[in-house]
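> Based on the hints, put chain B in the right spot on chain A.
Chains as they are written, first to last, in the working numbering: chain A, 1398 to 1890; chain B, 2 to 204.
Heads up, a few of these hints could be off.
[As the list claims (entries may be wrong)] Label-pair restraints from in silico Cβ distances:
#: 1; chain 1: A; residue 1: ARG1752; chain 2: B; residue 2: ASP65; range: 54 to 60 Å
#: 2; chain 1: B; residue 1: HIS26; chain 2: A; residue 2: PRO1541; range: 38 to 44 Å
#: 3; chain 1: B; residue 1: ARG181; chain 2: A; residue 2: PRO1541; range: 35 to 41 Å
#: 4; chain 1: B; residue 1: ASP65; chain 2: A; residue 2: ILE1744; range: 49 to 55 Å
#: 5; chain 1: A; residue 1: THR1802; chain 2: B; residue 2: GLY182; range: 25 to 31 Å
#: 6; chain 1: B; residue 1: ARG15; chain 2: A; residue 2: PRO1567; range: 17 to 23 Å
Derived from the structure by calculation, the hints contain no laboratory data. As the structure is a prediction and not an experimental result, all values here were calculated from the model. The C-beta atom is built at its ideal place from N, Cα and C for all residues, glycine as well.
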Amino acid sequence: MRETDRGARLLLALALGPFALFALLWILHAESGEGSGGISSVIAVVARTLVVAGSGAALATVVGGALGVLVSAYRIPARGLWTPLLLAPFLLPSVVVTTAAQSWLAGGSLVVLVRGEVGAALLHAVQLAPLVLWGVARSLAAVPRAERLAMRSQLSPGRAARLLAARAAPVALRLGSLSFLLLLPRIEIPAYTGVETIGPRALAAFTASGSDLEGWLWCTVCLGIAAPLLRFATATIALEAAPASLGRPDPLAPRSVVATAIAFVPALLAMLGLGGLCDDALEEGFALAQSEASRWIAALGLDILRVVPLSLALALVGWRIGIGVGRVGTALAALPLVLPGCLPALILLEGGLPRLPAWIADGTIPLDFAQGVRFLGVAVLLGRIADRTIPRAERDAASFLSPITRRFRVLLPRAVGGITASATILVVLILGEVESASLVVPPGRLLPAVELHQLLHYRYDVQAARLSLALAAAAGILVAVIGRVGRGAKGAG
Amino acid sequence: MSEALVVGRLETGRGGFRGGPYDLHLEPGEASQLVGENGCGKSTLLETLAGLVPAFGGTVRLGDTTWEGPGVPTVAPWRRGVGVLLQALGLWPHLTVRGQAELAAPGAGERIDDLADRLAITALLDRRPARLSGGEAQRAALLRTLAPDPRVLLLDEPTSAQHDGTEALVRAVIRGELARGRIVVLASHRGWPGVRTVEMGSG
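If we strip away everything but chain A, and leave its shape as in the complex, we get (with noise of 0.2 Å):
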């Protein structure tokens, strides 16, 4: 049988299945009487939820593709600065979103656009606009310079701008639809604004509440929403890229990483200045911030020191699952993504957590246990497509090799680039990760994401000012650090 036709019927089972048991469970929700609320309550919640994330989507789609577009079609001044600073929001820990822009606007009449569904779906779209910009202009970067040479003498600026949106549209669809997996079951933007979807009621009824079944029952129901947008969000997207020598520099390449990380502090400075945070953090003086300061280098030093090695990894086991399990495996690697966060720790601290040794209990492995499993699907799509960037004529004259040269003599220098863009990706990601770890925090250890994550709950705004500038900077060196090792080993050979 071909891979497509068990794709499709593996796919189907996926979309259906789901709401089979969606409707078995509600069937033992309802005779148990555990949970609140009836059937009116679940619909509204679940139109709740499509309609944030999938607004946020569409939004992040249209505002990131056109923007994308811009930024390749045409010759903007300072575009070494826009570029990173438009890609910044995705590199910020959701909670510094949000939080920064309510305190920007608290005063204002505006306020009402950080609030409810509509500032949950928009805080999702500007979250993940930078995630659709970044795949349009790798994308766009990959067309052949002839091709572009042509656009240029044979086009007017408009209609070659058109031309590329038009290329650029499936990858654009694509991130979309992989956007609104990743805000299906999100739980902290939703939390901020005050809107109740599927993730915090998830999360609700797996700590809060105590009810597992009804948490069980939220997660059939992503899965069902889901499926059917994973098989297209795994399509093959036709990337044939130039060879390096002959397309334009790619916009997003590391070295363009490391401007993004010199940009990463002040769009940070910028938007908590003007929510007046940094002026209450200097009037307070140095004193406190001294003591604080060590506290948090010390913690984010031992973080830096589990999430660098960790993302690696999780980078290069992304690429290697993301070129060797096609379409189906793909998808179903990416399933976690579309479940509420907390869900790998909660089954862990169910599961088998208790029976573990102290020594691995105690530790961090648990943790980078659960956070690898919620990545572990944006590092098999980022290793997917870093895999599919490479020409095809390159990709045959390797299958003449024997498999382990293919993969790790020409396959793995080649995208090199893709792999250390996802672990970036990664590192950011799971530096700001707050729903596992707050779950399976190892005893004793203070994680930065989850000390902001309380700050900002209990309204230490100076504190959290504070550590987030911390956060920001140790992520920009990071990024620049690996950026730059990316640079290098792509030149290798």
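Here is chain B on its own, set in the frame of chain A:
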């Protein structure tokens, strides 16, 4: 048993294109030239013989080994012992010309030096593809194809980027391989005197 390349009722295709059935029988030291209009399926047939494009039907055998056939598992490209020159070349940009050839044929330093000399690219061995002209890149790709000393050569337009002088070098090298008992199937718009021609239908 003879080490002949035998193609029987082979059907190929890619995208919306379907071609065949094709029949070929080439003994060691024999060559066949595929000719036809653009889009008639020459490259697709070569890529099917190489194992890069799946066959829809028919058989392909080399000696007593069946590469493609009903009820027989398809032999992976790297196990076929073929050397393929792709029209798009597919040079790996992160490796030098020598690095590419050594990766394809580990331990074949002497043969690589000899072939490079015959293809007039000795001075280019330490260059990466970005610093090669179109004709030089094509000869570098041919060097990588020939370095492992494959039993069957599948060459797609091997002289398309060469001027008269270097085309003669390439032809001499390929004829040298034929004289050593290699089987050659090539697609070309330029005539190869003395080579059996297979006329393919229009696209």
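> Under the constraints set out in the numbered hints, which ones does this structure not fulfil?
none
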